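Keeping the supplied structure of chain L fixed, place chain V upon it in accordance with the hints.
Below, each chain spelled out in residue letters.
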Amino acid sequence: MATLSTQLRAEIVEMMTELAGDWEYDGEITPDTYLFGDLGMESLDLVVLCTAIQERHGRMPFAEFFAELGQRAPKDLSVGEFVAFIDQHQQLAVSNGAR
Amino acid sequence: MPTPAALPSKAVLIGLDGATFAILDDLMARDVMPCLRDFVAQGVRAPLQSVIPALTPPAWTSLMTGKRPGEHGVFDFFQKDQPDGHYLRFASSQDVGAETIWSLASQSGKRVIALNFPLMFPPPAVNGCVVPGGWMPWRQLRLGCYPPGLFDRLKALPSFNARELALDMAFEEKAIEGCAAEEYADWIALHMRRERRWFEILSYLMHEEPADLTAVLFDGVDKLQHLCWRFLDPACRPPNPSPWEADITDLCEAYFRQLDELIAGIVAQAGPEAAIVLASDHGFGPTRDVFYLNTWLEQQGYLAWAAEGAANDAADGRGNGAANGAPRLGLGQIARHVYQLDWERTVAYAATPSSNGIHLVTRKPDGSQGLSRDDYRRVRDELAAALSGVRHPVTGEAIVAEVLTREAAFSGPYAALAPDLTLVLADGGLVSILRGESVITPRAEVVGTHRAQGIFVAGGAGMRRGVTLPECSIVDMAPLLLDCLGVPVPADMTGCSPAALDRAARARLDAGRPQPLVRPPASNGQPHPALPAARQAAPVESESRKTTDATAVPDIVFDAEAEETMLRRLRALGYVE
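Top line first, the protein sequences correspond to chains L and V. Here the first sequence is numbered in the numbering used here, starting from 1 and rising by one per residue. Here the second sequence is numbered in the numbering used here, starting from 100 and rising by one per residue.
Honestly, the hints are just simulated from the structure, not real lab data. Note that the structure is predicted; figures quoted are calculated from it, not measured. Positions of the beta carbon are idealized from the N, C-alpha and C atoms, including for glycine. Take these hints with a grain of salt, some might be off.
If you want a taste of the chain L side facing chain V, the calculated C-beta under 7 Å gives, among others [said to hold, decoys possible]:
id, residue
1, ASP22
2, PHE36
3, LEU44
4, THR51
5, GLU55
Bound-form chain L, shown alone (with noise of 0.2 Å):
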C-alpha cells in the first residue's frame, strides 16, 4: 500500500509533468529537478502553483517557505524539497485532524 509521502510525491510530480509538457520542456521530472533553473518558472509561477496545492491539500506556510528560500543560495527549489515541504505540513495536519 502506497504511504501518503508516496501518493504525495506521485501527485506533484504528475502535476509537474503535464504542466511542463505545456510548456514543451521535454526532460523528466524528477525529485532533483529544479523548479527555476531547470523549468525556466518564475516565482509568480511557483506562487499560483503553491495556491492550487492549497486548493487540494489545505492550507500551509508556505509564507515561511518563501521568505526562507529567498534568503538561501542558490534561491531555487527542487521537485523533491516541495514535495517534502508539502508533505511534512499535510502530514502535520493530518496527526492534527484539522483535514
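This is chain V only, laid out in the frame that chain L set:
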C-alpha cells in the same frame, strides 16, 4: 449585425478593459470602429462610473458581483494578509466574498462561459467554462481552466498559444523595459494577436459549449492606453509626427480596427436572441506628473526608511542607480519597498503602487509600536488635511483632489482590509511608492492612467434603441445581465439594473419576476481568508466555491522575488513608472 429579437434568451458581456468614450468616440467618428459606431447608434450608451479605486481587480469584481469593494473584499491586485498586518499577497478568486454573475447564473441552471476575467483563479466551479485572465501565468494556465479537460481541448486548437494568450513577462518586459521605440510595434502586434486568440477560443466555445451567459474580456485596450495614450488621444497626438510616431499611431488604430471586427464577430455569433452588453472597468486619461507619496510621508514625519532601505535606493541591483545616471526607479527598489520601512518610526505608508491607499500602523497588542486608538483618528485627520494641501510646485494646483477615509470609500463587511485613506489624484493618476528625490516629478512623456468614468453600451434583443442614459454605475451591470437571463437578482445586490431594457423586455421581466434570492447564512460558508470571523458579515453560501474546507485558503505572502515579478508586471502594464 443581426436584427435583434424582441426578447433576450441569453446575454453576452464584452469587457473592454479601461475603455473610454474619450478615445472610442473619436475612433468611431473617424470610421476606425464602424461596427461599434452602428451598434451604439442602434442601442444604449452611458458613462459608467467605476468604483474606488478605479482599478482592474476591484472594478471587475464589482461588475461581477454588483457590489462595491467593501462589500466583496477585493481592493487591489494585492490583499492584506491581516487587517493590521504589513504583508500583502496576491488577490485570488478566494478573496471574492460575494456571489458573482457566474455563480448566480449557474445556480439557476444557466450555462456560463467566462474568458480572461481577473480574480478567476482558482477557477470557480461554474456550470460552464472558465479560462482565467489577470495575473494568470501562461505556464499554469492548465490549472486555471475549468472544467477539467478544457485546457487540453483548447490546446488542440490550431491557433492555441498559451504563451500569448496569458501574460508572459518575457513578452511584457521585452516590449516595455526601457520603452525603446523599436519595441512599440511588436508590443502592439502582440496585443492584437492576444485579442484574436481570445476571440478564437470564444468562438470555439460558443459553438461547442453554447452558454446563456457568455463573457470575454479584451484587456489590450487598457495596456495600449497606458503606453500609447499620446498616440490615441486627439488632444495629445504630436502635431507634426515623425515617421515612427505616425507608424505607431497607425498601429494603435489597427488594434482598435481589429477590436471592432472582433466585437462585430461576437455579436454575429451570438445571434438575434442575445442581449449584448459592452462595459469597461474604468476610463482613461492622461497623466503628466509622478507624486511620490511615501517621500511626502517621510518629509511630513510619518514614515521612516530603514538603513538598509536607504542603501538600496542607491542602486537597484541591476546596475541601475544614481551612480550611472539612470533613473532611480529600479524595479528591485519597488519590490523591496514595503520591507524597507523602519516600522518603529513609521505610522503611515503607501504599500502598493496601484491602489493610491495609505495604511496607518496601529498599535499591536503588546503596545510596541504604532498608533494608539486615540491617536489613530487624529493622525488620520491630520494626514487627510495635509494631503489636501499638497500643491504642484510649478502650477500651484492641488495634486490631491480628494482624500477618502476607509468608512467613506469602503463601507461593508470587508472594510477592515482596505487602506485607511485613499487618494484621488487631481490628474486621475496613481502615486509612486518609491523613494523620490522630490515629491512631484514631471513624467518624461504623457502616459495614460485610469479615470473613474468608463463605458456602458448595450444592444441586441430586449434593449432600447438609440438611447443615451445618464451615468450608470459599474455595480448596475450584474443586475442588468441577470435580468437579461431571467435570473433573480439577490436582494443584497447593491446595483440596480439601468433603464436599458425596452418596454417588452421590462414587462416580461416584471411579469415573471420571482422573489429575490435571499440566502440564509450558510453553515459552511467560506470566510474571507484575511478577516477574523468576528469581522465578517454573515457568510453567503456559494455553490460555485470549490473549497468547502475553511482552512483551505491560501495565505501566500510573496517574497521579494515574487513581489519583484509582480511589480515588473505592474510596470509593464503601466501601473508604476
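For each hint, the structure was consulted:
1. Annotation: ASP22(L) was flagged as interfacial toward chain V, and the flag holds, the nearest CB pair being 6 Å apart, inside 7 Å.
2. The interface hint given for PHE36(L) is violated, since its Cβ lies 9 Å from the closest Cβ of chain V, which is over the 7 Å cut-off.
3. Nearest Cβ of chain V to the Cβ of LEU44(L): about 5 Å, under the 7 Å cut. The hint holds.
4. The criterion of a C-beta within 7 Å of any C-beta in chain V is met by THR51(L), whose closest approach is roughly 5 Å, and the hint holds.
5. A hinted interface residue such as GLU55(L) counts as satisfied when its beta carbon comes closer than 7 Å to some beta carbon of chain V; here the least separation is about 5 Å, so the hint holds.
Violation of the numbered hints given earlier is confined to hint 2; every other hint is satisfied by the structure.
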